[in-house]
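Q: Protein sequences appear in the order of chains A and B. Residue numbering for the first sequence follows our numbering, beginning at 1 and increasing consecutively. Residue numbering for the second sequence follows our numbering, beginning at 1001 and increasing consecutively.
Hints listed in this document are in silico derivations from the structure and should not be mistaken for laboratory results. Bear in mind that the values here come from a model prediction, so they are computed numbers and not experimental data. C-beta atoms are modelled at their ideal positions from N, C-alpha and C, and glycine is treated no differently. Careful: at least some of the hints might be erroneous.
BS3-like mimics (lysine-lysine), calculated; alpha carbons at most 27 Å apart, straight line [to be verified]:
| # | chain 1 | residue 1 | chain 2 | residue 2 |
| --- | --- | --- | --- | --- |
| 1 | B | 1222 | A | 32 |
| 2 | B | 1073 | A | 131 |
| 3 | A | 281 | B | 1036 |
| 4 | A | 300 | B | 1251 |
| 5 | A | 292 | A | 273 |
| 6 | B | 1242 | B | 1020 |
| 7 | A | 515 | B | 1073 |
| 8 | A | 32 | B | 1060 |
| 9 | A | 32 | B | 1059 |
| 10 | A | 131 | B | 1224 |
| 11 | A | 292 | B | 1251 |
| 12 | B | 1257 | A | 292 |
| 13 | A | 291 | B | 1251 |
| 14 | A | 291 | B | 1245 |
| 15 | B | 1059 | A | 131 |
| 16 | A | 281 | B | 1251 |
| 17 | A | 281 | B | 1257 |
| 18 | B | 1020 | A | 273 |
| 19 | A | 3 | A | 454 |
| 20 | B | 1020 | A | 515 |
| 21 | B | 1251 | B | 1205 |
| 22 | B | 1020 | B | 1245 |
| 23 | A | 251 | A | 485 |
| 24 | A | 251 | A | 281 |
| 25 | B | 1205 | B | 1059 |
| 26 | B | 1259 | A | 292 |
| 27 | A | 127 | B | 1222 |
| 28 | A | 32 | B | 1224 |
| 29 | A | 3 | A | 480 |
| 30 | B | 1073 | A | 32 |
| 31 | A | 515 | B | 1251 |
| 32 | B | 1060 | A | 131 |
| 33 | A | 273 | B | 1036 |
| 34 | B | 1073 | A | 281 |
| 35 | A | 32 | B | 1036 |
| 36 | B | 1111 | B | 1002 |
Computed footprint of chain A on chain B; a stretch qualifies when at least three of its residues, placed anywhere within it, have a C-beta under 8 Å from a C-beta of chain A [said to hold, decoys possible]:
| # | region |
| --- | --- |
| 37 | 1071 to 1085 |
| 38 | 1218 to 1231 |
Residue-level listing of the chains:
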Amino acid sequence: MRKLCLGEIEEDLILPFPEISAPEREMLDTVKTSLDQLFESHAADFAEWDRAGEFPESYLDELREFGLFSFVIPEEYGGMGFGSAAYSRALQQVAMYDASTAVTVGAHSSIGMRGLLLFGTEEQRAKYYPKLATGESIAAFCLTEPSSGSDAASIKTRAERQGDHWVLNGEKIWITNGGIADFFTVFAKTGGPEERRNLSAFIVTRDMPGVSVGPHEDKMGIRASSTTTVNFENVRVPAENLLGEEGKGFKIAMHILNSGRTGLGGGCVGGMKRLIALATKQANERVQFGKKISEFGLVKKKVGEMVIDCYAAESVVSMVAGFTDSGHKDYAIEAAISKVFSSEALWRTADEALQIAAGNGYMSEYPYERAMRDSRINRIFEGTNDILRLFIALSAMDDVGQNLKEIAQSVRGVFNDPIKGFGVLSDYALRRATLATGIRREHFQFTKLPEVLKAEQEVFESATRELAEATDRILRKHGKGIIGKQFASARLAEVMIHLFVFASVLSRVTSSIQKHGVNGAQREIQICRAFGFRVRRHMQIFLHEMEENADEDVKGLADHAFELERYQWDTI
Amino acid sequence: MKILVAVKRVADPDNANRIKVSSGGDAIDASGLEWKINPFDEYALEAALRLTENGASPKKREGEVVVVTMAPKEAETTLRSALATGADRAIRVEAGDDDLDGRVVAHALRKLVEEEKPDVVLMGKQTVDGDSNQVGQMLAELLDWPMATFAATLRQEQDGSLLVGREVDGGVLSLRVRPPCLVTVDLRIVSPEGVYSSLTDPSFKYNEGVRFAPLPAIMQAKRKPLTVRPLSELTDVALTTKYTKFELPAKRSAGVKVKDVAELVQKLTEEARVL
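Construct all of the structure, not just a fragment, from the sequences and the given hints.
A: Written out as structure tokens, the structure reads:
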């Protein structure tokens, strides 16, 4: 999908839409019924635990006994052996009832123990899986430190090799499950002098002397989930607890986060489904001016957009889960897109659901304000959406840059090796011509979309061409300096996000048309059409603002405010 | 004790408003319907589990619970769910809804009962789709077994007989039946004090409703035996119920509010013409 910025559409990657296998679907059906029964029995408790700011131990025991910590652990070790798609769907069901529970379960399965799943040795797995499956051990992911959030490479926790042990020292903050975990995936710096140190990952358990956790943090949302600091003071970690290769910790951390994104995405979709159910019911019951408010256009607009957002988020999360499950390696950009889009779609949905309920929505007696508080964290944790936007844009531009470099080099080499140089040049020239003229050839258009989606297909194809042209222009203008041009990068990211989500929607609707016919898929076709308009809107803004914008003014005002550290004006 | 529980999957009653009738009115259009176990059968399964355990240690099964259904392959999800909540074994009789009516089902079950030789057959008092309320009674007759219908409570006595409480007009009717016997259950059977096996302490109280399957049990259920039998092996009786036409109930039109009794009487007289 990163080739979008080169104007290429990887149709084989996007079609057909990934589906959960029949046996897994059958099992999920049973799991869903059981989860519904488990959580319905606590429906009245969640609000109370939110106010109390923690779960009672008896509830955590219930979750353990129910097997909620076993989702992704292989069957032979007592787990459910869920792949990404099934896991994401199961977590969605949890999030439909309670975000704190979803985060507790998600922090365990999505990131806490995912390092063991991805990089663990046979011995490590045999040792820890059984307890992790029963929830006797709950897992936590320890990367963030007081002075290093998004800048993960700057962590200060240090692990020094002493004989057959590592000695760990450092402090981790905002660790989800910190207070209830026994199994910690910890990142620390290893190696020689300061500037040459790299990150490494370790398995640390609560029973190792020197491991301690701070008090339960008082948070805005997901209040019943446990968040604490975790301290390591001269913790002696056996050498065999190194996770993956020494010095490869940064890659390991990124891989864990990528792989766990569909869990977070599933949680967001679950939250949205619940909010849509609440908001539609509310709008059907509330009468103003002698009419149900669901009859008013502006309420319809809110609910319609919620449905589009939810379908789009569900599609992109499923698409990324499909990539993971099919063994596709390079899906970091797509995973990031799914996280950014689904977390923001949930936020919009929570905001609009609360707006529909209005006064009631603002009251704690109703579920909306809690849903909103609970939703907010998704745009922050597991990589802030701002950092992910830059990551999305810069990774894609890197590809285009490589391409340009090839041109630059081949132009230089033209005199030495004219044939080779000509080959590259003509390829590039052809690509340019294609982009400029819109004349189609392979990889520049879809070939398998149904006729009824023709208009949407064209929106996608022309947006892709425009994106490629624009990327090219941005890079020619800024060169390496693009790294510092965050305004431009974020705009580019916005278009990429919407295009990939649109690709997922197109793919899903195509599958639905194949299964249910055009009539059976009528509503989904409407979603596709509406999303196509969103893509065009973002594209127009992007293209316009790339040429004309107030970036320098905005930056100047920010710098001015930073200097004063306050707002300057007043009316008295 | 060995118990055979007969279950049926039905269109989810919570989504009953999605039911459509085919254009000719000769069948119900089942597309798009969600299926779930008939609620009364789900209660029967819960009752069977309670009868074969000590309520304080529900993971240990004392005896055997076999669930049986007659349906296409999709219904195996329903059977797997039953296995996950604690049943030991499942049988699916391959049959479509059009192959079955109460009499055919009762005859097929008779053959299965003769093969399986359970001490007790349990099932819901009726299914919530056809609502015919026939199979239990017909089966007991075919087997010539004692029967208790609409059970609201069940107590297993030390000698193995079952004391069945049936809610009837004006009170509770108690019947003592000695296995082998057949019991159909009503909804109150799953109340905290609905069912006691001879092992369960009389002071023990169950959670209200049916139990749910924890995830490890769902995994184990995948390995529990599920056998498939053709209907023709069990019975050759023909359908006796013939459906001539289906139609949806007429849409209810919105009501009106009346100012006072006088207006009500006037409307009842002039518009409704019932006075």
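Q: It remains to establish, for every hint, whether it holds in the given structure.
A: Consistency of the hints with the structure:
no.: 1; hint: B:1222 with A:32; result: holds, 16 Å
no.: 2; hint: B:1073 with A:131; result: violated, 36 Å
no.: 3; hint: A:281 with B:1036; result: holds, 24 Å
no.: 4; hint: A:300 with B:1251; result: holds, 25 Å
no.: 5; hint: A:292 with A:273; result: holds, 22 Å
no.: 6; hint: B:1242 with B:1020; result: holds, 19 Å
no.: 7; hint: A:515 with B:1073; result: holds, 20 Å
no.: 8; hint: A:32 with B:1060; result: holds, 25 Å
no.: 9; hint: A:32 with B:1059; result: holds, 21 Å
no.: 10; hint: A:131 with B:1224; result: holds, 24 Å
no.: 11; hint: A:292 with B:1251; result: holds, 20 Å
no.: 12; hint: B:1257 with A:292; result: holds, 17 Å
no.: 13; hint: A:291 with B:1251; result: holds, 21 Å
no.: 14; hint: A:291 with B:1245; result: violated, 39 Å
no.: 15; hint: B:1059 with A:131; result: holds, 20 Å
no.: 16; hint: A:281 with B:1251; result: holds, 21 Å
no.: 17; hint: A:281 with B:1257; result: holds, 23 Å
no.: 18; hint: B:1020 with A:273; result: holds, 26 Å
no.: 19; hint: A:3 with A:454; result: holds, 22 Å
no.: 20; hint: B:1020 with A:515; result: holds, 20 Å
no.: 21; hint: B:1251 with B:1205; result: violated, 44 Å
no.: 22; hint: B:1020 with B:1245; result: holds, 13 Å
no.: 23; hint: A:251 with A:485; result: holds, 25 Å
no.: 24; hint: A:251 with A:281; result: violated, 46 Å
no.: 25; hint: B:1205 with B:1059; result: holds, 16 Å
no.: 26; hint: B:1259 with A:292; result: holds, 22 Å
no.: 27; hint: A:127 with B:1222; result: holds, 26 Å
no.: 28; hint: A:32 with B:1224; result: holds, 20 Å
no.: 29; hint: A:3 with A:480; result: holds, 19 Å
no.: 30; hint: B:1073 with A:32; result: holds, 20 Å
no.: 31; hint: A:515 with B:1251; result: violated, 31 Å
no.: 32; hint: B:1060 with A:131; result: holds, 23 Å
no.: 33; hint: A:273 with B:1036; result: holds, 21 Å
no.: 34; hint: B:1073 with A:281; result: violated, 36 Å
no.: 35; hint: A:32 with B:1036; result: holds, 12 Å
no.: 36; hint: B:1111 with B:1002; result: holds, 16 Å
no.: 37; hint: 1071 to 1085; result: holds (count 5)
no.: 38; hint: 1218 to 1231; result: holds (count 4)
Figure legend: structure checked against the earlier numbered hints; hints not met, in rising order: 2, 14, 21, 24, 31 and 34.
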